[in-house]
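Protein chains in written order, with the numbering used here: chain C, 151 to 291; chain U, 151 to 291; chain L, 151 to 291; chain Z, 151 to 291.
The set of hints was computed from the structure by calculation and includes no laboratory data. Heads up, a few of these hints could be off.
[Unchecked claim] Some but not every residue of chain Z turned toward chain U, in silico, with C-beta under 10 Å:
| # | residue |
| --- | --- |
| 1 | 160 |
| 2 | 166 |
| 3 | 188 |
| 4 | 189 |
Here a beta-carbon is modelled for each residue, glycine too, at the ideal position from N, C-alpha and C.
Protein chains: 4
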Amino acid sequence: MRQDFRYWLDIPVRWADMDPYGHVNNAKYFTYCESSRMGWFEAIELDGFREASQHGPALVTATCNFRRQVHHPATLDVGARASRIGSKSFQLEYELYHRGDGHLVADGSSVVVWVDYGSGQAIPLPDALKERIRHYEGLED
Amino acid sequence: MRQDFRYWLDIPVRWADMDPYGHVNNAKYFTYCESSRMGWFEAIELDGFREASQHGPALVTATCNFRRQVHHPATLDVGARASRIGSKSFQLEYELYHRGDGHLVADGSSVVVWVDYGSGQAIPLPDALKERIRHYEGLED
Amino acid sequence: MRQDFRYWLDIPVRWADMDPYGHVNNAKYFTYCESSRMGWFEAIELDGFREASQHGPALVTATCNFRRQVHHPATLDVGARASRIGSKSFQLEYELYHRGDGHLVADGSSVVVWVDYGSGQAIPLPDALKERIRHYEGLED
Amino acid sequence: MRQDFRYWLDIPVRWADMDPYGHVNNAKYFTYCESSRMGWFEAIELDGFREASQHGPALVTATCNFRRQVHHPATLDVGARASRIGSKSFQLEYELYHRGDGHLVADGSSVVVWVDYGSGQAIPLPDALKERIRHYEGLED
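Could you put the whole structure together from the sequences, leaning on the hints where they help?
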């Protein structure tokens, strides 16, 4: 639900986001979620919590449920929020609303793992980052 | 597993599929799955099973698990298969292998609903289409 | 120059518009110009000037000059204007400015031909459309 | 003409390359040209001619003429060749043919400048690179 989300990004749909069916192509929803995720990373100032320059986030899974077709022109409000924090990963949830009529057009989720890009291995989330996310989202320990 | 898939499409990765991380962007995997899905639709001759021109498939959910990074240049073998057939929908599964080293780089799934595009409502899958899919995939009734 | 343009569209750059060089990929500029062109079509109410449903615009050439790199996050102001009207075609020009520093980051042009989609042949621009464009852009006969 | 080109890349059109007009979107042709350009860079082993790691190519202009519509499924043969070598830049030309019927569907060109990415300034093309391109393309001094 909308009130569960603190972070929102408004994304204008581009004409070229549509496919031969005349509606927004399914892969574009993942780009919309990515845009919102990148904005959320910035909102929590994720870069400041890297303990080494080669440590950072990596997407390991992404899911989207397509609930209503979207046609250009339209603007979507795309919320992102961390819903669960693990030892080496956290889960983000997304909700995409049509600004005009307020309808939920899609929702989704993704799992972000903290990775040492050098070794390619998952590593523990920095404690300060976990604390930061909990604080930003109002999650309990 | 590879032997579970009858339909395969080889997809050359394009340089522009990569993002600032220098690897294939997450949204592109959904385009790869879509390409394979469209090829599978053609392989089962889905168009011939429409009982009306405004009846046809609609994607309602898509998921992908990203198991290994992919870098251009590369060619992926992308399998698609129906794994479950319901009354108004069926589920497709995908596996994406790197042609060079044979590694599984991603897998995913999606649910395809049979829709009357006029009303936007889900309608029963034509029996002949269900039979066709079962036969193509070697599924039991 | 900015003052030559009446129509402007602001386009937020998406993170995924960037490529492995870490800047906006060249093909995306054509999508930005397309977005502005579609907005310009709407601004002049082009659809109302079709003399038959199968008559309409077709792009026959597109050019872009890349003057400065663009990095996410950024918003571009993308102007479009008709600069020349022929018997069966008109030319559009584009200028793309970085909203933050005001720099021109790219400019381009395209030729749009009026086509009978049925035959695929170029046909004369409706006089009323030519007049409409001249009026909108303040062009002389 | 086809015989003017030594380098060719075959590019399968993806379903998602099409837009609501049901044909390949104009911006995708620039991605096709880019794929061919990257392959040509590899064919001439451009990386070996960098005199410093921060020296390399930058695209400053791109043009495409759209001659025939392309629809999925299709495979395009996309040729790239250097047509002119300057002191700090060279020009590439492209021709895109439909593999099925052999028709020219588009042609285009781009100017590639040799740049010091550190300063962002154009610098002279290494003599060895100019010689390499002339030799590869059979151009005279």
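Results of checking the hints against the structure:
The restraint placing residue 160/Z at the interface with chain U holds, with a minimum CB-CB distance near 9 Å, inside the 10 Å limit. The beta carbon of residue 166/Z is positioned within 10 Å of a beta carbon in chain U (closest approach about 5 Å), and the interface hint is therefore held. Given hint, residue 188/Z at the interface with chain U, holds; its Cβ is 5 Å from that chain's nearest Cβ, closer than 10 Å. For residue 189/Z, the interface hint holds, since its Cβ comes within 10 Å of a Cβ in chain U; the closest pair sits about 8 Å apart.
This entry satisfies every hint, going by the numbered hints stated previously.
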